[in-house]
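Asker: Spelled out from the first residue to the last, the chains are:
Number of protein chains: 2
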Amino acid sequence: MKIKNVCILGAGTLGTRVALQAALSQFNVRIYDINPKALDTSKKTMETIVHQLAKSSGFEADSGLNAIQGIFFTDNPQVAVQDADIINESVLENVKVKNEVWELFGQIAPEKTIFTTNTSFLLPSMFAEISGRPERFCALHFHDVFYAKGVDIMPHPGTDPKLIPVLEAFGRSLEQVPVVIQKENHGYLFNAMLGAILSTAGKLLANGVGSVEAIDKSYMVNFRVDMGPFAIMDSIGLDTVWHVTVNNNEEGSKAFAALLKGMLDQGKAGVKSGEGFYKYPNPAFRQPGFLS
Amino acid sequence: MKIKNVCILGAGTLGTRVALQAALSQFNVRIYDINPKALDTSKKTMETIVHQLAKSSGFEADSGLNAIQGIFFTDNPQVAVQDADIINESVLENVKVKNEVWELFGQIAPEKTIFTTNTSFLLPSMFAEISGRPERFCALHFHDVFYAKGVDIMPHPGTDPKLIPVLEAFGRSLEQVPVVIQKENHGYLFNAMLGAILSTAGKLLANGVGSVEAIDKSYMVNFRVDMGPFAIMDSIGLDTVWHVTVNNNEEGSKAFAALLKGMLDQGKAGVKSGEGFYKYPNPAFRQPGFLS
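Chains as they are written, first to last, in our numbering: chain A, 40 to 331; chain B, 40 to 331.
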C-alpha cells in the first residue's frame, strides 16, 4: 500500500492544515469542500501559515507557496477522490454529516482507497459500516499539524491490523509523531487527558477555589510551560469548550458550563472573538511579571 | 510582621529544600527533626543540591556551602523555635502526627510566630485549632523549590487576611511565585490538576486503551514537554501515587490502584528504586527517537 495521492475532505481548520503539510511533504493533494467559499478561505489560510512558518523557521516561503499551487481545490466529490490512495476526513463533528459523507465516498472512491477520519471525539466504528469498507477504515487524528505534532491512529475492532504500520509511516512522512491507540476511546489519549485538565480547572474556578489567573499561574510555574488551562481554552474557542462541558455529567461541570454560557452570551468566545478569559491580542498571561 | 528567623519542622525532602532556599535567601534558619539521623541526611542532601545548582547555573558552590554552615540543625523543639518569626511544617503527611506537632509547637513557640503547614493534600483547618492560634495559621505549600517554583498560600476560614500579603512577600523572597487559593481545597490548585492528569492516564492504561509509552508520547509531543504522566509518577514515587489512587472512588481508579500495587510488590517504586514504569538511570522516554 504505497500512498502518493491524498484526498482531504473538509476545508476547515484541520483539513486545511493536513492538506498543506501533505503538499509540503510532496504528496499529490486534492481537498474537497461542499462550500466553494470554504475552499477560497482554505487557500488563503495556507498562504498565511506558510508566511508564519517562513518567519519562525529557516523554511523558504516560495517553496511553500509553490506547494500550495500544486494543491487541487474542488467542490466536486468525484474529482476530489479520483485515484486517491487515502482519504482523511475532517468535516463537521456531527454524526449525521459524517454518515452522509462516508456513504457517498464509500460509493465513489476507488477500490484501493484507505478511509480515515480525523474526528476529535467520535469513534471510527460509528462510520466504518456505512463506508462499505470497514476493514480499511481507521481514525487518523491530527492535533494542529505545525505546533502539536502528534497523530493518533485508532482502529475500530474491524480494522485490518495491516493498516496500522501503513498509517504510522504516512504520519511520519507528514512530520508527525504517530501514537497508536489499542482500543477505541472518545478523545483518544491526549484529548482525554487535556479534557481532564480543563474540566478540573473549570470546576476549581466555578467552585470559587481560585481565580483564572491563580489557576493558570499555578499550572505555568509548576509545569514550566507558557500557557495555563484558561489560556488553552481561549485558544480552542469557548464555544467548543462549552459544548464538551455541557455534555459532561460530572459534579461541578454544570456550574462551569453555566459560566461559559454567560461569557458566550456576551460575545466572549476566546482568542477568535478578541476576548475570553483574557483580552487579545496582548493577554495578561503573556505580560512580563505575570509569573511573579 | 518582618520575617527574619525561619523554623522548619521536618527534615525530609521538602523541609530540606525549603530550609536551604531560606538560607540562600539570607534568612536565619533552624531546622528540626525528631530523628537526628534525618538531620545528617538533610545536610548532605543540601550539599548535593548546592553542587547541582552550581553545575546547572552560574551559582557559586562556595557561597551555597557557607549558607548551609549557617543553618542550625536540631532535634530539640525549644531550641528550634527560639525567636522564630515563622514556622513552616513539613512533617509526615498524617493527621495524627501533624496534630501532635502543632499541639507541641503551639505551646512552646514565641507569641509572634506565624504558623504555616506545607501539607500536600490535607487542609489547614484540620490543625488550626489545636495549634492554639488559628488566626495566625495558614497553608504555605512549596512544590520542589528549585525546579517547580510555585508556592501555594491557602488560608482556612479563620485565618487573619493580613497574613496573606506577608506570606506572598515571604514566598517571593524565597524566589517562588506565590499563588493565593481563595477557599480550602484538597490539593490546592496545581495538585488537583496534576491528580486529574495522572488519574486519567492511569485509567487509560488500566483499561487497555493505550500503552505507557503511547500515553506519555501523546502527552509529550502535543504539549511539547519532556515528561509524560508515567514519567512524572515515577519521579513522585509509585508508593505515593498508589496511596492517592487507592483513596479515589472514581470508576476505573481501582483497576489502576491494583496495577500499581502489583508493581510495588515487585519492588518497582519509580526513580528511587531504579525501576517503575521505566528503568533508571536511562529511561526510554529520554532516549533519542522516543518521539518518532
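Quick caveat, the hints were computed from the structure, so don't treat them as lab data.
Heads up, a few of these hints could be off.
The list makes no distinction among identical chains, and a pair is therefore deemed to hold if it is satisfied within one copy or across any two copies.
Said to hold, decoys possible - Capping the alpha-carbon separation at 30 Å, the derived lysine-lysine pairs in BS3-like fashion look like this:
id	residue 1	residue 2
1	300	135
2	201	83
3	222	307
4	188	318
5	293	76
6	82	318
Please read these numbers as outputs of a predicted model, since none were measured by experiment.
Asker: Each hint: holds or not?
Answerer: Comparing the hints with the structure gives:
1. Taking the shortest Cα distances, residue 300 and residue 135 sit within 30 Å of each other inside one copy (25 Å), while across copies they are farther apart (45 Å).
2. Taking the shortest alpha-carbon separations for residue 201 and residue 83, neither the intra-copy value of 37 Å nor the inter-copy value of 56 Å comes in at or below 30 Å.
3. In this homomeric assembly, residue 222 and residue 307 come within 30 Å of each other (Cα to Cα) only across copies, at 27 Å, whereas the closest approach inside a single copy is 37 Å.
4. For the homomeric pair residue 188 and residue 318, the shortest alpha-carbon distances inside one copy (27 Å) and between copies (26 Å) are both at most 30 Å.
5. With identical chains, the CA atoms of residue 293 and residue 76 are never at most 30 Å apart, being 37 Å at best within one copy and 51 Å at best between copies.
6. Within a single copy, residue 82 and residue 318 get their C-alpha atoms as close as 28 Å, which meets the 30 Å cut-off; across copies the closest is 48 Å, which misses it.
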